[in-house]
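Here is what each chain is made of, one letter per residue.
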Amino acid sequence: MDKEVAVQSLTDTMAKFTSYIGKRLPTDVKQKLADLRTLETNPLAKSIYDSMAENQEAADKLDRPSCQDTGVIQYFISAGAKFPLLGELEEILHNATLGATKIGPLRHNAVETFDEKNTGTNTGSKIPWLDWEIVPDSDCATIDVYMAGGGCTLPGKATVLMPGQGYEGVTEFVFDVITSRGVNACPPLLVGVGVSTSVETAARLSKRAILRPVNSKNPNANAALMEELLEEGLNEVGIGPQGLTGNNSVMGVNIEASARHPSTIGVAVSTGCWAHRRGKIRFNADLSYEVLSHEGVVL
Amino acid sequence: MKKILQTPIRDEDLEDLNVGDVVYLTGHLVTCRDVAHRRLIEQKRELPVDLEGGAIFHAGPIVRKLDDGKFEMVSIGPTTSMRMEKFEREFIKQTGVKLIVGKGGMGPETAAGCQEGKAVHAIFPGGCAVLAATKVEEIERAEWQDLGMPETLWVNRVREFGPLIISIDTKGNNLIEQNKARFNEKKAPVMERIFSQVKFIR
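Respectively, the protein sequence lines represent chains P and G.
Residues 1 to 299 (the working numbering) are what the first sequence spells out, left to right.
Residues 1 to 202 (the working numbering) are what the second sequence spells out, left to right.
It is possible that part of the hints are untrue.
[Unchecked claim] Under the rule of at most 27 Å between Cα atoms (straight-line distance), these lysine-lysine pairs were calculated in the DSS-like manner:
(1) K65/G <-> K180/G
(2) K82/P <-> K16/P
(3) K46/P <-> K44/G
(4) K157/P <-> K44/G
(5) K187/G <-> K217/P
(6) K117/P <-> K180/G
(7) K157/P <-> K135/G
(8) K117/P <-> K135/G
Hints in this document: simulated from the structure, not taken from any laboratory.
Starting from the given sequences, assemble the full structure and let the hints guide the process.
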């Protein structure tokens with residue numbers, strides 16, 4: 001394929017995929033919401049789950065963004081060092097956001113800071129936001145698209161604890177964020193926790209954590225135990241959909257971690273709302289692709 | 001039977017409502033969020049829409065401009081109401097607005113404002129933006145378009161818009177604050193139990 005044609009093809013696919021994920025939830029999220037709806041016994045909470053389901057059906061049928069806040073577009077890229085369009089990806093994803101904004105249509109969510117002007121294009125300085133991981137020896141690229149809406153971004157918080165505060169301190173931090181600011185962020189939330197060495201490393205990992213499937217487990221046994229304890233514990237608090245109380249609080253808790261300085265425990269929480277709009281797509285070197293997050297997609 | 005409020009809303013339409021009640025709205029619903037609140041309260045600019053007896057929606061929709069110059073409501077869900085807490089009490093006082101629709105709870109200042117101005121705050125289920133858009137019959141006007149799509153004051157004519165769950169009533173009761181107090185009470189023993197199982201540093 002001629003390089004120019006290849007760039008256009010990848011741009012078109014990413015524009016369509018970015019627009020698509022604003023209209024239909026990923027398979028794991030859809031399933032989890034259906035499960036929570038079945039488990040709910042509080043009448044008001046049940047009626048909220050019914051509204052959510054009705055909304056998703058309407059969005060699918062009318063081909064519209066299911067939530068008006070289509071977020072700031074973020075791309076998390078795991079690119080092979082030998083992926084043929086590695087150097088072009090930044091521009092491709094910028095143009096894909098412009099394209100998706102027209103196709104969706106997506107809301108114009110890029111306000112230039114300090115100038116305090118909405119750019120009107122949904123793109124701006126460093127927006128769409130790109131996060132990179134380079135995979136040695138691979139010629140494929142896997143891209144996670146995430147619509148970082150305002151509501152689900154607002155609870156985000158990071159801090160550095162002293163080791164004496166231990167994992168008890170991590171537990172308290174997560175509970176405080178979710179039972180205070182999380183209540184207004186469209187629960188049931190998917191809770192991402194980063195446990196790491198400093199604020200920015202923990203924050204990045206907490207966002208990566210909500211890109212993992214809802215029911216996935218951290219491979220480390222202690223981290224997986226903590227995911228389970230936090231999920232059960234938060235559910236026991238009974239926040240319910242929209243904070244109106246109910247049998248459960250969260251879709252899940254995912255923890256991502258790194259090694260840390262012996263004197264610090266960096267911890268951060270990122271949250272995904274019930275309308276957790278993310279998508280995962282993998283491109284091969286010939287630009288053939290597979291959508292990993294949504295079953296039965298036709299772009 | 002569905003309880004339906006109609007704009008202009010009168011004090012007596014609201015006085016029997018309690019937190020947790022579900023109502024619907026027919027009439028006019030105007031989107032009004034961060035910058036519109038700031039312009040009225042801080043910058044002392046006059047709102048381009050009369051809200052006496054009216055209803056506002058903390059929302060920033062997706063709107064499509066049609067070929068005939070009209071606007072189509074594509075997707076309109078509520079945004080986090082708490083962001084307007086700083087301004088809402090004064091906003092109610094200055095505008096005479098009766099119904100504030102948004103997402104999540106608001107704080108003690110808004111609750112006081114609702115009590116003083118005989119107004120209510122109601123929650124529309126967050127994220128259900130297409131459901132909401134199907135209840136908008138027409139966008140009649142668009143004011144302060146210089147603020148961009150999310151912040152423009154979109155004047156919507158709506159029919160049985162809801163469900164709207166009353167979260168602050170005219171007596172100043174605050175459903176989400178009550179819920180939060182309950183969550184905070186419940187979490188202490190739960191956390192204690194978890195603490196004993198996460199002593200990974202030995």
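Comparing the hints with the structure gives:
1. K65/G <-> K180/G: violated, 41 Å
2. K82/P <-> K16/P: holds, 25 Å
3. K46/P <-> K44/G: violated, 43 Å
4. K157/P <-> K44/G: Measuring from Cα to Cα gives roughly 34 Å; hence the hint is violated.
5. K187/G <-> K217/P: holds, 24 Å
6. K117/P <-> K180/G: violated, 35 Å
7. K157/P <-> K135/G: violated, 36 Å
8. K117/P <-> K135/G: Since the Cα atoms of K117/P and K135/G sit roughly 31 Å apart, the hinted pair is violated (cutoff 27 Å).
Hints 1, 3, 4, 6, 7 and 8 from the list above are not met by this structure, while the remaining hints are.
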